[in-house]
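J.: So the sequences go chain by chain: Y and V.
Each residue of the first sequence is one higher than the one before, starting from -10 at the first, in the working numbering.
Each residue of the second sequence is one higher than the one before, starting from 15 at the first, in the working numbering.
By construction, these hints were calculated from the structure, which means they are not laboratory data.
Remember, it's a predicted structure, so these values are computed and weren't measured experimentally.
Ideal placement from N, C-alpha and C gives every residue a C-beta, glycine not left out.
The reader is advised that the hints may include incorrect statements.
Facing chain V, according to a computed beta carbon distance under 8 angstroms, are these residues of chain Y, among others [claimed, not checked]:
(1) K16
(2) T41
(3) I45
(4) G74
(5) D91
(6) V95
Next come the chains, spelled out residue by residue.
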Amino acid sequence: MELLLAVVIGVLYATGIYMIMRRSIMKLIIGIGLLAHGADLLIFTLGRIESTKPPIIAAGEESITNYADPVPQALILTAIVIGFGVMAFALVLFRETVRVSDTGDVQEMRLSDR
Amino acid sequence: MALPLIVFSGFLLALIAAVIAHVARRATGWLLALLPLGIFAYLVRLIPAIADGQTVVTEIVWVPSLKVNLTFNLDGLALLMALLVSGIGALILIYTSGYMRDDPGIGRLDAYLLFFMASMLGLVLSDNLFTLFIFWELTSISSYLLIGFKYRYQTSRDAALQALLVTAGGGLAMLAGFVLLSASADSATISTIINDNLFSSSSSMYGAVLILILLGAFAKSAQFPFHFWLPNAMEAPTPVSAYLHSATMVKAGIYLLARFTPILGGTTAWTTIVVSIGGLTMLLGAYLAWQKRDLKRILAYATISVLGTIVLLLGIGTELAVEAAMVFLLAHALYKGALFMVAGSVDKAAGTRNIDGLGGLLAKMPVTFVAALVAGLSMAGLPPLLGFIAKELEYDALLHEAGAYPVLVIVALVAANALVGVAAGLVVIKPFFGRKPMLKRDPHESPLSMWLGPLLLAALGLLFGLMPALVDDTLIVPATVAVTGATELEHLALWHGLTVPMGLSVLTIGLAVVVYLLRNRLQVMTKRTTSGRFGPAHFYEWSLDWMLRSADKLTLFLQNGNLRVYLNVIIGTAVLLVGSVFLFYTLPDMTLNTDINDVSVIAAGLSGMIIVAAISATLFRSRLAAIAVLGVIGYSIAILFLLFGAPDLAMTQFSVETLTVVVIVLVIWKLPYFENLTKRGDRIKDVVIAVAAGLLMTLFVLVITATPLTSQITPDIVADSYLIAKGRNVVNVILVDFRGVDTFGEITVLSVAGIGVFVLSRLRSEKRRRPDDDG
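The shape of chain V in the complex, shown without the other chains:
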């Protein structure tokens, strides 16, 4: 039961986080961090068992008929992700208490962060397709709330909505893929589908499932052409950017790719799509990153590039490539989380994130600088940091591939890594060195809560770089095994000797240094390419705009306020649908009761009178004549009721008809005269529709009365009427006894109508009321 507890405790704590913040004030972050720390400690204790090949499984049956169950499964891949989510989560909560010091919104922010953490843990631990989807969308929703945290700003709201529409839209595609997958595999449990080989690439559904699930993964992990939402998401407070939009949530797409590699991976389609999209994103992000001026945007584009690289590696899918992806995922989470927090600290201290307005902070913020330096070295891929090991492994994985395309990919990878290195240089060097520009504030070192997180994450990057054995067999290998099922894996090492990957690393770093030094001159050349007016972001805006305008037009078309159009549509549709069913299905197989021998002279005469009266009512020019004719119809029907054994109806009809005519005559002097307003053509069209509807009703009556009524209700009621209800008039007994509650309802309706009539007939403007108008 520990796994559900891990997931749901976060949701519970999120509910009361605001209350805790109210009481604990500045200690809030430290206090709330105890939960993720506890989860982290629990997960660390499980490392040996998981590394040994065991898994922890808990299933809570939820909706078994729909195959929706809360199945949690902790394997190597889930463990790596869950450790990142809980560990970085704890540091972020602590960082937030410094970043948001004395800000009354801290309770709300912490609540959202915990809500996200719980959703993300649920996402990586879910073994059921549909619960995975639910947690997936919950992370999108928490991301929406967090990006829109400063909801007073239009830009925040727009960015939040954009991120939500893109990621949740991808999520919907993914859901469709899940439905197809679970239908054709006849199971919704991911581990079962994998272990029992329930779905293979030879399935007719493979193509659809692959595309739909990839759409979800690409949208979430900001892959081209969905990448544009991530830089805009930087509107969120910096702790959020560090946590969701670099270290964890954007890795959900990568997690999904890794998780589904055993089911969907290894085919030509998989490799082609995933490698090309990943490669394109990698280059695009790296190309844009170093040209930005805002610290957070530089980091955001670099994140896009790294996500692209990891996707590319998963697309290649060999054991070595997956291992490289896992190392890179860990290294990136550590250094990027640290650098985002550094960016937030710099922003808080100096009042700006623009690298052109920053400089010389080294003396003022030495601890933050150390964190930035160590993390930045890992980002640039320099030894002896984990980022270096990841990069070596990437090159190594590609060099083991045969053929021409690895060469192309290696060239792209070197270029992207070099440009990310330039971005790292900008983030580390620009704010801390150089001359000190005029700043709005006097910068000073951040408090403990704000340098603890970045320093710890950066230090871990260094520690794991120096001693890769710490994470090798414990985290990386189990995660890789969960993805590839491999048994023999290369051990991580800092020094492989003078190998080709080593040479490529040197080339990368050299290239980075050159670009860094020439960046101003290069930027003049590249400026024109990055100011494009086309691209996915513009398409997003255009389609959002188009959707709103079309909805407007459609509403105006359907709901045009013209009563005649509504009636035409409703009645016309009913006539066409019911009429065609009657004509083609019902009527051919039945004989209608057209016997008229039993018609009495009085009945025929009354019917003729009703028909003539009804038609003349439509032709009269006088209101009073039409009302009189309406009365004639009512009395005729009353006599018909009398003839056919319904004296109660007749009496009611007589009195109500009289009342109706009286009421109409009382009101009519305030109402306009009859007018012929409709054009002749429209009138003919209306006659056609009305006559068709009348014919349909006639047919309807004949069809229904052609079959005998076999109801036990009437005999039962009649039998009970006197013996049980003690009434001789069965109709009255039904109204006041058997259906007494209905009659109460009817009385209520009539009373409401009466009150309405009374109020409406007395409705006057206070201003217009004259003294003699009183009462």
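Isolated chain Y, as found in the complex:
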């Protein structure tokens, strides 16, 4: 199981990194999305996949045994929501950047660093 997910994570990172290295600012957005998915899956896999039983205590019980780890799940829940915030903010920021700089080429937005 781990091997399969490891390959998926690897592909998501590779494609995400390739996309954020493009000069077209739209591709940068796609790259950020791919990387966010890769990161979510990475945290999930690092929590080990030992059970497919959700960490929910059944009614009438006080605890459970043999459950999927809830701690990485809580972290990923946060990551998904924050990832959405980043994406939304990046989108409007890029839109304004394109409007102000009048170009969609990242290479031509170098003046801020010089």
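Following the hints, complete the assembly by docking chain V onto the known chain Y.
T.: Below, chain V without anything else, positioned relative to chain Y:
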């Protein structure tokens, strides 16, 4: 506890000096001088005990683990320096109140002066290497503030920065020397290192320690090739030049040499380096001094020469030479402090410091003239002044040396002393005699505050010359003993009889008179040699310039604004570093979990879909197709979450993914199309880096999942989830209960992002806003 009080009271008074100046106005200098006067009186009371061989030690433990403690030790050498610092400090503060009369900057100047005085007292009293360094740098900083006092002028700022860079740079070298010294001696207390012989010239560190500490001393005491900062420091107000740049701070390097003579001195390396640098500086300063026209610059170059002479004497290091150095140090502080103050008074009265534009002030400023004359005679080394005794002792010390090099040194010394004598003649004779040139102002005698200091210092030079016994056993001998450990020393005397030193003195004075009379003709000959375009000052400017330009180039190279370059560097570095550790250290000793028998058909199918979708996202030419594919990946991952027992994640992922696609589609019509802008070669390079990074992540996951997770956090949380937190969905309980504060933070981040999105999407120029655009 008296010693720390001496040091820190100055810092405290400096803090409120500006307030005092605001209230006390013209009385400020007299009022503030009470502190240094008190310190001076306290130190004078200690003279008999110190002369008796006692020392006063106070230690305040500060950072014992780093051997940094506030250890103060008052011995003969420290006492001599501390008396000069406090005594001249009091006179300078009084002088400043006249010099800066009605100038609103006086509070600031007095504060800096007190700050310097406290730092300098701390420097000479410190017995700990590192506190000595701290006070050493504090004097550099106060010197920076004082030279740059007239900060509106570019020349002042440049001179201040130059002095700071040179002296603090030397200080850093000295710190490195201190670190090596304390490490190999296993002690940072100077007196302990000396008394217990913890460091000797046979140590493997000796060479490095010697060079580093000498660099610090030479930079501070304006020795060749660092001498150039001192004449430029004359940009400071004249009281500062009198105090820091002739009488006290520039003596810090000499103090350091004297202090470390028992540890580092006496070797061939020490003698060779210190004598040659000192001798060179002595000649250079003397050669340049008499050719200058500005009173302060004449005095500054003469100071360089004298500092060189004292360094030379310490380099020779015999008991007699050290004694001569101590006498000369005292004599120079007295006469040079006085002459600088005289130069300031003349400047104030006549409006110029150029000796060609001055003359005939004798009738107008008789008291100032007396101070100038007496101090000038001491500078020229004429009897019956202390300067004469110092010079006799210098010759005497050299004549006691055997071999050929003392002869060479004596010749150099006679020449330097003669030229300094010419400089003294210029400073005393030119402004006060001769015809009176047209002046911008009508000169008049200075007020009491401005002639008291120079007259008192000059008078002391005369008094100590006439009655050397006053300072002999009380100051000079204890200071010399602290440096050399000697017991039998020659007593100072004005008249030794018709001896060889006497003959050399006569020769010196004769030479000085001849050069003085022929100075105009000689200057034509020497002019060409002094207009050099090379030398340390040019090297300083060139290297400062070079540093700034290189920093510029380096910044442009590293921070070029090209996002792809940044990413290449960051990701490439991470891949290379982590990858090589994995390949060479981690992977050889472990077996990875490559078992795929537990993979279900659905999981395999979803994974395959994600992989295909991700790769196709990089290939699509259409924005919308890429966004759709991104959505496919998100939903597939959501189903994977569902499969592996994470229904909360799946639900969140489904809704967020839907929202993301909606938001992107809403914004996308304002964004540019996909373009293929990168060159083919660059694209291949990017693919290589990206694939390498992806492979690294795959390996990373496999390496980590190969070791079992042994965490007590999860079982604890699950056990407490219902019983304590009363929640059945453990993931939800973590978010709202166990990690509730985190969730608050997350809400805050999202709100900020939301506000940002709102503001950015409404951002319009006021001018462009049309009436119907409202709301």
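J.: If a hint holds in the structure, say so; if it does not, say that too.
T.: Consistency of the hints with the structure:
1. Evaluation of the K16/Y hint against chain V yields a held restraint, the C-beta minimum of about 6 angstroms falling below 8 angstroms.
2. The criterion of a C-beta within 8 angstroms of any C-beta in chain V is met by T41/Y, whose closest approach is roughly 4 angstroms, and the hint holds.
3. Hint status for I45/Y relative to chain V: holds, with the closest Cβ pair at about 5 angstroms, below 8 angstroms.
4. Taking 8 angstroms as the C-beta contact cut-off toward chain V, the hint placing G74/Y at the interface holds, the least distance being around 4 angstroms.
5. Hint on D91/Y is violated. Least Cβ distance to chain V is approximately 10 angstroms, over the 8 angstroms limit.
6. A distance limit of 8 angstroms between C-beta atoms decides the matter here; for V95/Y the minimum to chain V is near 5 angstroms, and the interface restraint holds.
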